[in-house]
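> Given next are the chains, with one letter for each unit.
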Amino acid sequence: MQEQNAFFCGTEDYIASEELQNSVNVAVSLGRPLLIKGEPGTGKTMLARSIADGLGKELLIWNIKSTIKAKDGLYIYDTVQRLYDSQFGDHDVSDIRHYIKMGKIGEAFLSDERVVLLIDEIDKADIEFPNDLLWELDIMTFDIPETGETVRAKHRPIVIITSNAEKELPDAFLRRCIFHYIAFPDAAMMTRIVRVHHPDLQQKLLEEAMDAFYWIRGIAGLQKKPSTSELLDWVQALVVGGISPEKIARELPFLGVLIKKDQDFNALLQRLQHPDAPKRTTGAGILRNW
Amino acid sequence: MFINFFYMLKAHGVPVSITEWMMLMEALGRGMALSSLSAFYYLARAVLVKSETYYDRYDLAFAGYFKGIETPLELTEKVLQWLEKALPPRLISLAERKQFENWDLDELRRQLEERLREQQGEHHGGGKWIGTGGTSPFGHSGYHPAGVRIGGESVNKSAVKVAAERNFRGFRTDETIGVRQFELALRRLRQLSSKVEGPEEELDLDETIQETADKGGLLHLAWARSRKNTVKVVLIMDSGGSMVPHLRICSRLFTAIHRPSHFKDLRFLYFHNCIYQHIYLDAACRIDSALRTEDFLRMLGPDYKAIFLGDASMAPSELIMPGGAIDWYYNNDEPGINWLRRIAGHFSHAVWLNPIPAAYWDRTEGTFTINMIREVFPMFELTVEGLEKAAKKLQVRK
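The listed protein sequences derive, respectively, from chains A and B.
Number 190 in this note's numbering belongs to position 190 of the first sequence; there are no gaps in the numbering.
Here this note's numbering runs 1000 ahead of the position in the second sequence, where the first position is 1.
Quick caveat, the hints were computed from the structure, so don't treat them as lab data.
Each hint should be verified, as a subset may be incorrect.
[As the list claims (entries may be wrong)] Derived DSSO-like pairs: lysine-lysine, alpha-carbon spacing no greater than 27 angstroms straight-line:
1. B/LYS1389 with A/LYS124
2. B/LYS1232 with A/LYS37
3. A/LYS101 with A/LYS154
4. B/LYS1393 with B/LYS1232
5. A/LYS261 with A/LYS124
6. A/LYS225 with A/LYS124
7. A/LYS69 with A/LYS37
8. A/LYS101 with A/LYS124
9. B/LYS1232 with A/LYS124
10. B/LYS1010 with B/LYS1067
11. A/LYS65 with B/LYS1067
12. B/LYS1264 with A/LYS124
13. B/LYS1392 with A/LYS124
14. A/LYS69 with B/LYS1264
15. A/LYS57 with A/LYS154
16. A/LYS65 with B/LYS1264
17. A/LYS261 with B/LYS1010
18. A/LYS124 with B/LYS1393
19. A/LYS37 with B/LYS1389
My request is simple: use the sequences and hints to build the entire structure.
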C-alpha cells in the first residue's frame, strides 16, 4: 500500500469522533472493508462522502435494494438485449463484451485511482448477499466466465459498508470487516455538528433547541427517537420560520420534523402535561403548531 | 502478545476468531495502537468486535484483563450506588491540606480494597469510608490529593475507565429490546414459494427456450414469478390486567409482526387470561367482538403458525375448573386447559411467548398455571433470544 500516510480526520461539514476516525484509518490502512452501524440519522452514509472528500478520492455509491444480487455489483451480462439484437441482426452479437456492463464493484476495481466505494444499506438485500461478495472483496478480483476475462483491482478500493441491522450479517463476512458502531453524539458533539451546518445560528436559539431535543430524546418509550438529521432539519425549520428562542421551549414548534409517529406524539403530549415539565405550559399550544 | 486477552474475550462470550486476532496483530505490528491503552481499546474493538451487542461484553473483558490499573469493576458498581446521593463538593483550606501530604498509591489501593470489604452501605462526609464530599481518599466530590475517584466526572478518560463505564450495556441481546430486533428474529419464519400471486418479473430460461423453439426460432421471452414468503401467522394475545406491566414490550412485538413485510397472512386475536369457548377480535374482549373458538379453529387452517402472547399467570381455577373464568358474567362449561389443549392440537406449529423472564417462571405467583401451560405449548420468554428460539421452533413440527 503506497497510501499509508493519508489519514482521515473528518471534514469541514462532517464531524467525526476520534473513535470513528481511528476505525476509518485502521480500515484504510489494513485494506479491509469498514462496516458502519448506528441509529438511523447518525450520518452513516454521509461518512463515505466525507472520507472521499477528506482523502481526495472519487466516491462510488452502490445503493442496495431488496432485489439486487451480489453479482450485479461485479458485472451485468445483458442476455436479453443480446437475444433481441440477434433477432434483428442490427448489432454485432458475436462479441459478448458488448453486453457486459460493469457494476459498481467492477468500476471501482477498474478505476485508475484508488476510490472510495460505498455499499449502502447492505442489509436491504437478501440474507445470502454479503456471503456472495466475500471472495471478491477479499481477493479483489473476479472472473467473467462469459468472456473468460479476469478483472483485477488496479488499486484496492476503500470499501465502506453501512447497515441498519435489518438483517443479521453472516459471521464469515463480519470476520473480514472492521466494525464501528456510531454512538449517538452527546450534547457537546451535537453542538459542534449543528454549528458546522448552521454557522450563523444564534447561541440562545441553539441552546434552547438542544435542550428541547435532548428532553424529547429522553422520553422513555419513544418508538422512533429523533436523531441528528432530524435535529438539523428542525433547526433549519426554526431558522426559516423565524421562531424566537423563547418560543421553542414553550411551544416546541414544527414538532412534526422531529417526531414521525402518532404514538410518539401522544407519548410526548402526556409528558408535557406531567408536572415534571415545568418549563412548558400545556400541550394545547403545541397541537396548534403541529 | 495479549493472547490471554483473546481467551478473556472468548470467556466473556465475544465471538472472536483467529482471522480477526491475526488482523489485530497486523495492525499492532504497524504501530496503529500508538502505544497507548485507549488507542488499543478502540483498535481492538474495531477489529475484534463485530456487533454493538457485544460491546458490553468486550468492555467487561477489557476491564477485567487490564484491571489493576483501576478499581475492580464488580466492586465499583456497588460503590457507585452508595455515591449516588452526593454531598456538595468539599472545599479545603491550605492548613487542612497539610495532613494529606504523605501518601502512597499501593498503600491507598490496599486500603480501598480493605474498605470495600468492610463497608456495608452508603456514607457521606467524614474521613474514612467510601462516600461523597468527605476527606476519605475514596469516593467523589471530596478532597484527598491521591484519592481514588469512583464515579463522578472525569476529563481525560483512560481506556479502562471508558470500558468500566459500560456505555453499551443497553445493546446486549439477552436483554429485551426494540421492534427492529424482533423483526429480525421473525424473519426466520419464512417459507419461500413461487406459487403465490405477484408480477412475473424473472426470466424463465427453460420456458423461453421452449417457446422460442416452438415459434421456429423467433425469440419469445417467458417470465416467471419470483419467490415469496408463504407463511401465515396468527398472534393470540392476552389483554388481561396482569399484562399491563408488559405493555411496552408487547407493543414492540406487535409492531414488529405488524410491519407489512413478510407474512402472507397475519391475524390478531385476543383473550382475557385464558381462552374458553370464545375468542375476541379486539383487545377489550367485549362480547360483541367475540368469535366462537370452534369457528375460529375452522376458519384458520392448521397451517397457520400460532404465536400466543401472555404471562400465563392466573388463578388455577381459571385454568382447571368449569365456570372458572375471571369475568363474572362469563360462564365456561369446560375448563380453560381443555380449550388450550384443543387449540394446541389444531395448529401444527404453535408457541407461547411469555413476557415474564424464564428465570422467574418457577418463582412467580403464576408458577402453577405457567407450568401447566408449558406442558401444552412450548414456552419462550419474550426477549430477542427467546423469540429467535420460538421462531426456530415454529419451523419444525411439534
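> Holds or violated: are the alpha carbons of A/LYS261 and B/LYS1010 at most 27 angstroms from each other?
violated (41 angstroms)
> Decide if the proposed pair is consistent with the structure: A/LYS124 and B/LYS1393, CA atoms, cutoff 27 angstroms inclusive.
holds (26 angstroms)
> Holds or violated: are the alpha carbons of B/LYS1010 and B/LYS1067 at most 27 angstroms from each other?
holds (17 angstroms)
> Has the given pair, B/LYS1393 with B/LYS1232, been kept, meaning a C-alpha gap of at most 27 angstroms?
holds (15 angstroms)
> Need the status of pair B/LYS1232, A/LYS124: alpha-carbon distance at most 27 angstroms?
Within the cut-off at roughly 23 angstroms; holds.
> Is A/LYS65 within 27 angstroms of B/LYS1264, Cα to Cα?
holds (21 angstroms)
> Taking 27 angstroms as the top limit, are the C-alpha atoms of B/LYS1264 and A/LYS124 close enough?
holds (20 angstroms)
> B/LYS1232 and A/LYS37 were given as a pair; does the straight-line alpha-carbon distance stay at or below 27 angstroms?
violated (32 angstroms)
> Verify the proposed pairing of A/LYS101 with A/LYS124, using a straight-line Cα cut of 27 angstroms.
This hinted pair holds, its Cα atoms lying about 23 angstroms apart.
> Checking one constraint from the list: CA of A/LYS57 to CA of A/LYS154, max 27 angstroms. Satisfied?
holds (15 angstroms)
> Holds or violated: A/LYS261 with A/LYS124, Cα cutoff 27 angstroms?
The given pair, whose Cα atoms are some 22 angstroms apart, holds under the 27 angstroms limit.
> Hey, A/LYS65 versus B/LYS1067, does the alpha-carbon distance stay inside 27 angstroms?
With Cα atoms ~46 angstroms apart, A/LYS65 and B/LYS1067 exceed 27 angstroms; violated.
Against the hints set out earlier in the document, violations occur for numbers 2, 11 and 17.
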